[in-house]
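Participant: Residue strings, one per chain:
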Amino acid sequence: MTLLSLEHMTVTRGARRVIDDVSLTIGAGEFVGLIGPNGAGKTTLMRAALSLLPAKGTCNLRQLKPSERARAVAWLPQQREIAWPVDVETVVALGRIPYLPRGASLRDDDRAAVGHAVSRMGLEAFAGRIATQLSGGEQARVLIARALAQDTPLFMADEPIAGLDPAHQLSTMRAFADLARDGRSVLAALHDLPLAARYCTRLILIDAGRIVADGPPRAVLTEENVAEVFGVRGAFAETGAGVAFQVLEALP
Amino acid sequence: MTPRALFTSLSVLLVGLFCASLLIGPAGLGIGESLTALIAGGDDPLALVMQEIRLPRAILGALIGVSLGLAGAAMQGYLRNPLAEPGLIGVSGSAALGAVLALQTGVAASFALALPLSGLAGAVIGVLLILMLAGPRGSSMTLILAGIAISALAGALTALVLNLSPNPFATSEIVFWMMGSLADRSMSHVWLAGPIMLVGWGMISLTARTLDALTLGEDATSALGLSLTATRLWLVLGVAASVGAATSVAGAIGFVGLVVPHLMRPLVGARPARLLWASALGGASMVLAADIAVRLVLPDRDLKLGVLMALVGAPLFLHLIYKTRREFA
Numbered sequence: 001m002t003l004l005s006l007e008h009m010t011v012t013r014g015a016r017r018v019i020d021d022v023s024l025t026i027g028a029g030e031f032v033g034l035i036g037p038n039g040a041g042k043t044t045l046m047r048a049a050l051s052l053l054p055a056k057g058t059c060n061l062r063q064l065k066p067s068e069r070a071r072a073v074a075w076l077p078q079q080r081e082i083a084w085p086v087d088v089e090t091v092v093a094l095g096r097i098p099y100l101p102r103g104a105s106l107r108d109d110d111r112a113a114v115g116h117a118v119s120r121m122g123l124e125a126f127a128g129r130i131a132t133q134l135s136g137g138e139q140a141r142v143l144i145a146r147a148l149a150q151d152t153p154l155f156m157a158d159e160p161i162a163g164l165d166p167a168h169q170l171s172t173m174r175a176f177a178d179l180a181r182d183g184r185s186v187l188a189a190l191h192d193l194p195l196a197a198r199y200c201t202r203l204i205l206i207d208a209g210r211i212v213a214d215g216p217p218r219a220v221l222t223e224e225n226v227a228e229v230f231g232v233r234g235a236f237a238e239t240g241a242g243v244a245f246q247v248l249e250a251l252p
Numbered sequence: 001m002t003p004r005a006l007f008t009s010l011s012v013l014l015v016g017l018f019c020a021s022l023l024i025g026p027a028g029l030g031i032g033e034s035l036t037a038l039i040a041g042g043d044d045p046l047a048l049v050m051q052e053i054r055l056p057r058a059i060l061g062a063l064i065g066v067s068l069g070l071a072g073a074a075m076q077g078y079l080r081n082p083l084a085e086p087g088l089i090g091v092s093g094s095a096a097l098g099a100v101l102a103l104q105t106g107v108a109a110s111f112a113l114a115l116p117l118s119g120l121a122g123a124v125i126g127v128l129l130i131l132m133l134a135g136p137r138g139s140s141m142t143l144i145l146a147g148i149a150i151s152a153l154a155g156a157l158t159a160l161v162l163n164l165s166p167n168p169f170a171t172s173e174i175v176f177w178m179m180g181s182l183a184d185r186s187m188s189h190v191w192l193a194g195p196i197m198l199v200g201w202g203m204i205s206l207t208a209r210t211l212d213a214l215t216l217g218e219d220a221t222s223a224l225g226l227s228l229t230a231t232r233l234w235l236v237l238g239v240a241a242s243v244g245a246a247t248s249v250a251g252a253i254g255f256v257g258l259v260v261p262h263l264m265r266p267l268v269g270a271r272p273a274r275l276l277w278a279s280a281l282g283g284a285s286m287v288l289a290a291d292i293a294v295r296l297v298l299p300d301r302d303l304k305l306g307v308l309m310a311l312v313g314a315p316l317f318l319h320l321i322y323k324t325r326r327e328f329a
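For the protein sequence lines, the chains are U and F, in the order given.
For the first sequence, counting from 1, position 230 maps to 230 in this note's numbering; every step adds exactly one.
For the second sequence, counting from 1, position 124 maps to 124 in this note's numbering; every step adds exactly one.
A hint or two may mislead.
[To be verified] Selected chain U positions facing chain F (Cβ under 8 Å, derived; list incomplete):
1) R62
2) P66
3) V86
4) R146
No wet-lab data here; the hints were simulated from the structure.
Glycine included, C-beta positions come from ideal geometry on N, C-alpha and C.
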């Protein structure tokens with residue numbers, strides 16, 4: 001089943017093509033890492049797919065009505081914003097808005113989804129705490145739980161693990177991998193190449209608004225691709241705990 | 001406090017203050033005779049005082065308080081800024097300008113409702129300007145900027161009217177009107193402003209869900225299937241209708257829309273949608289209490305409601321900032 005299908009997507013800002021003729025499809029059960037240097041167009045590509053930006057080309061999500069789209073895809077923006085001192089459970093429950101009629105309060109299945117999202121992100125102990133008083137990394141996990149509570153087949157996240165401690169980076173990546181195993185799909189912009197290589201089922205490498213490579217991590221993170229796009233030397237190597245991708249040094 | 005308990009206590013407080021507003025006044029009537037006169041009516045002076053002076057005053061106090069509290073809570077929720085207040089979109093300024101022009105030109109004296117009607121006309125022009133300036137996309141920044149520009153323009157034109165005012169009587173009339181008061185309003189003021197405010201409340205209540213979602217920012221809100229453009233339109237029209245009507249009949253009453261949401265926020269767990277009705281009820285209570293106070297503190301001097309509100313509101317606001325400054329640090 002196709003969850004996301006982009007055909008010839010182009011986004012222009014002024015005369016510049018920020019996204020240049022990108023086509024891709026994401027089926028069920030994939031954990032796709034969207035990688036590329038700063039300014040490559042990762043955020044723009046995802047926002048265009050979500051219809052948050054004007055764009056040319058076709059996208060299955062853009063053809064949906066906003067209310068249907070909110071049940072097809074959840075979006076975790078890079079900007080981690082919790083504007084008011086509300087408790088964690090209230091923040092997570094905002095993910096249920098697409099399912100609730102106007103003015104209705106949470107029903108049993110909404111509560112179940114909220115509880116499930118809270119435990120997936122290991123936030124049980126925080127449920128009653130005021131979200132704005134948590135640390136940045138904890139707030140990030142609360143916001144991931146909020147998007148998970150939306151319970152959509154596709155989950156798009158913009159740098160979801162930036163600013164998390166190593167243990168929570170791993171547990172969050174594992175949570176996304178679990179989602180993919182359950183038949184959902186995740187598209188996440190990532191900067192941590194080793195973690196992306198380890199957990200993603202597929203990587204899409206973009207540079208200057210174009211797809212450079214698309215496929216399994218070992219096929220995408222070749223020495224040439226990594227050198228050309230990121231300007232670093234990186235390679236898969238035996239670490240003792242299995243083969244892992246390592247970034248070795250910046251190229252001159 | 002559970003939402004139900006909060007709703008009940010705010011409602012009890014509001015009903016109590018409404019009754020107190022009916023029973024307190026310079027005529028010094030007993031409780032029993034006041035209520036009999038209010039309900040039975042008739043042509044005697046007592047019934048006239050109750051039905052033509054105190055009842056409209058109490059009703060207007062409650063309506064205006066609801067409008068200001070609700071509009072303030074909605075503006076703060078929409079802009080995600082605790083410093084926002086209903087006057088920010090420039091509608092109260094332009095309503096005041098309309099009324100001031102009516103006073104200056106003498107139109108206000110030509111027929112009974114000329115003054116509030118001119119105020120409403122000013123509010124309509126203000127809201128049309130802001131919708132035109134703020135542009136079609138649902139961003140909040142352009143709305144603030146347009147609102148500031150319109151407020152400044154309305155303020156400058158009001159100052160110009162005062163500056164060119166031909167005689168000191170007109171000037172003092174304008175100045176006193178602008179201080180805001182509920183004295184000497186009639187049932188016809190209620191019938192003029194009430195329905196407009198009700199429509200405004202309805203529009204504002206349509207934004208409740210989006211205001212909750214906006215806790216997560218504009219991008220996440222759109223991705224939850226909610227329309228920022230529609231929300232901004234309902235918000236602007238709703239605030240304009242309720243606050244424009246309030247200013248047209250009572251002049252400028254500040255601080256209610258700013259302070260009441262602050263007072264209520266901790267009681268509703270900071271949820272923007274719940275804050276709407278809590279601030280509506282709290283705003284009504286605050287305006288009624290202040291309007292009772294102006295009658296008790298200086299009964300002979302016609303202390304203006306807007307003046308008292310600012311005198312009480314500003315220190316209260318300072319106290320709130322002092323208490324919550326750790327959160328903003």
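Participant: Give a verdict on every hint.
Facilitator: A quick look at each hint next to the structure:
| no. | hint | verdict |
| --- | --- | --- |
| 1 | R62 | 12 Å, violated |
| 2 | P66 | 4 Å, holds |
| 3 | V86 | 5 Å, holds |
| 4 | R146 | 7 Å, holds |
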